[in-house]
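These protein sequence lines are chains Z and V, in that order. Positions 2 to 102 (my numbering) are the ones given, in order, by the first sequence. Positions 1098 to 1753 (my numbering) are the ones given, in order, by the second sequence.
Please keep in mind that the hints were generated in silico from the structure rather than gathered at the bench. Heads up, none of these hints are tricks.
Listed next, with one range per pair, are the computed distances between beta-carbon atoms: (1) Phe1740(V) to Thr3(Z): 34 to 42 Å; (2) Ala1707(V) to Val83(Z): 55 to 63 Å; (3) Ile1746(V) to Lys88(Z): 35 to 43 Å; (4) Gly1743(V) to Gln61(Z): 30 to 38 Å; (5) Ala15(Z) to Phe1740(V): 14 to 22 Å; (6) Val70(Z) to Ala1707(V): 55 to 63 Å; (7) Gly1743(V) to Lys88(Z): 27 to 35 Å; (8) Gly1731(V) to Gly78(Z): 20 to 28 Å; (9) Gly1722(V) to Gly78(Z): 33 to 41 Å; (10) Phe1740(V) to Glu95(Z): 16 to 24 Å; (11) Glu1696(V) to Glu95(Z): 55 to 63 Å; (12) Ala1700(V) to Glu95(Z): 50 to 58 Å; (13) Val70(Z) to Thr1714(V): 44 to 52 Å; (14) Gly1722(V) to Gln61(Z): 45 to 53 Å.
The beta-carbon is built from N, C-alpha and C at its ideal position, and this holds for glycine as well.
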Amino acid sequence: MTVTLDHYLFVSAALFCLGLLGVIVRRNLLVIYMSLELMLNAANLALVAFSRFNNNLDGQLMVFFIITVAAAEVSVGLALIVALYRKRQTAHVEDLASLKL
Amino acid sequence: MEFLTETTASGMPVVLPWLILLLPLAAAVVIALFASRWEKLSATLSIAAVTLSFAGSVFMFLFTGEHASDVPERKLYWLDVGSFKVSLQLLVDRLSALMTLVVTGVAALIHIYSRGYMSGDRSVSRYFASLSFFTFSMLGIVLANNFAAMFIFWELVGVSSYLLIGFWFEKASAADAAKKAFLCNRLGDVGFILGILLLWGLVARKGGSGHLDALNFASLAQAIRTGDGLGELATLAGLLIFCGCVGKSAQFPLHVWLPDAMEGPTPVSALIHAATMVAAGVYMLCRVIFVLNVPGSDALTIIAWIGGITALLAALMAVQQDDIKRILAYSTLSQLGYMVMAVGLTPLQITDADPNWVGPAPAMYHLVTHAFFKALLFLGAGSVIVALHHDQNIWKMGGLGQKMPWTFGTFLLGTLALCGVPPLSGFYSKDSILALAAGNNPGFFAITVLVAALTAFYMTRLFVVAFLGASKSGAADHAHESPSVMTWPLRILASLSVVAGFLGIEGYLAQHFNPLVATHVEPWWETPFAPFNHAPLAAWFGLFAVMIGGSAAWALYRDAERDPLPVKLGELARAMRNRFGFDEAYAELVAKTQDALAEFADAFDRWIVAGLLVRGTHGTTELFGRALRLLQTGNLQTYAFLFAAGLVIVLFFVLH
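Chain Z extracted, bound-state conformation (with noise of 0.2 Å):
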């Protein structure tokens, strides 16, 4: 069986799927993180994908691209999260509900 663009894409698909239910269901504000990094690391496999059967090398330039500010982005949220969990001395998204009346 050889291996063709749908594969990828599929694998793409349920990565992305994974991450989103991860970001819904689980309650610890660092797991929601590392899901949130599956889900873009989803797009990135499909972009390299789609790069790779379309002989386009534009889709993995931006891949890279993506691969840089996911780490500075990454870089921002966990200094952020470490911030929260000082400040409240949690990292429960129950109990970050302020924002409601």
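Given chain Z, put chain V in place with the hints provided.
Chain V only, in chain Z's frame:
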């Protein structure tokens, strides 16, 4: 600047009528703005302005030539919409010149009299400012050359009469009377302005050059004469115009405001009820007689009946009043009814060349003489009221002949003139109306004779009870004559009341309405007896009516301590005293209508506005708010889920 030196064809300076009109206004404005603290200065300013105005009127009267002459038009437009223009311009002809003379003359005398009457009041300045403003408004009506200007001044008269009637506004009754007068006038004026609009529409529909300056009296008359009248709406137009007169001249059924207007200071009553406000209605009818006197219009017949009913009702009411000013007020109503009836009896002008057609000259004639003796009577009553410390009940007067000789004498002359005793002016003017009625319709003749008898009756009653016999109260015992600033106007008005019948006023007016009128030239010694030669029936009937009415009152009231009529007439006398229940009926009617209207408005407000609109909007919004609030859980993951779900739905629809 050529405006100042310009003259009309007859040599009158163009600026003269403007000066006459604007001087009282200037006085009012200056007093209101600068002189309201200095009472003497205010009074002097006001009196000076009106007196100058009067002097100007004398000149204008002398200058007025044979023909109507509009003062040359200033290019000043009150309204300028497309081809429709209403210019500001004054109309000077025989009618307005005479009326200006009467208005300024009587107003000047009343201003002077007020100087004495109002001394010691708290707001003399306000009084004189209002009085001058009133005079200005009235002069505006007289000198207006088109309907728009006349209507504006018409309303100004309404406003200033409101100010004057309610001058003592601290008294609830005065404030109410002012409101009542204003509202009754408003009712009439609605009809008046509808009539003006209808006339404009009718004339504009006929096309031609009529729509330019269409409200001008001269061009309106021209349009009606050259066109074929006003068509089937002539009666309606005439009656709507007449509505204005019904309000201003207090004709039945809007007569109720005039007796209440006696709450104002007495000189105001004299001004409003003698020469100006109530005369404005009759003057307006005479001015626009070309609208009423067209073939196919029944307006004049209805006007005559309204006038006749007013004259009779008011005369009956006057018989049983006890307040000296109220008796005079009802008498004014009755005389105004006479004048309106005389206008209504104006025969149709068959051809322009009819030498016997005199238009409504008898009505105007009676208006002029009535202005003199009614002003005299009111001012005389004011003099008595001051002497008796503002007691107006005639049953508390009596025995004033010795103590107030001038008031007594002049009041006697005024009474005789009003009753129509020859050779005083009232006899001649009333006789011309009687002759008109006699030649027209026996019903009207009967009414006029009956009213003449009633007039003699109630005036004799008033005079006998108030002035003759013994003093009926302590105040009357100590009465003394008023200062000369008050008696001189009385003397002047009394002499005018005596001689006004011999001045040829009727002929002068007849010439205005019909230049081709045949003038009777008779030797001066026959003038006093002219009525007996021309229309003996009317003259003798008038004379007998006066004698019967006067002697009946003399017999009844000569020694009376109380009014004997209620015993003799019973129920009828009570109805007269209660003014036939008009006020109560109107109060009831207004209350009923207003209650119904208020209930409807209340229900509408409660159920439609507050219920459906306000609460409905509020309720719907809140319901939605409550529903949507459930979505705001505050849970981050719910939001994420909803966000994802939304995205899926969007994607589904986009990609599907």
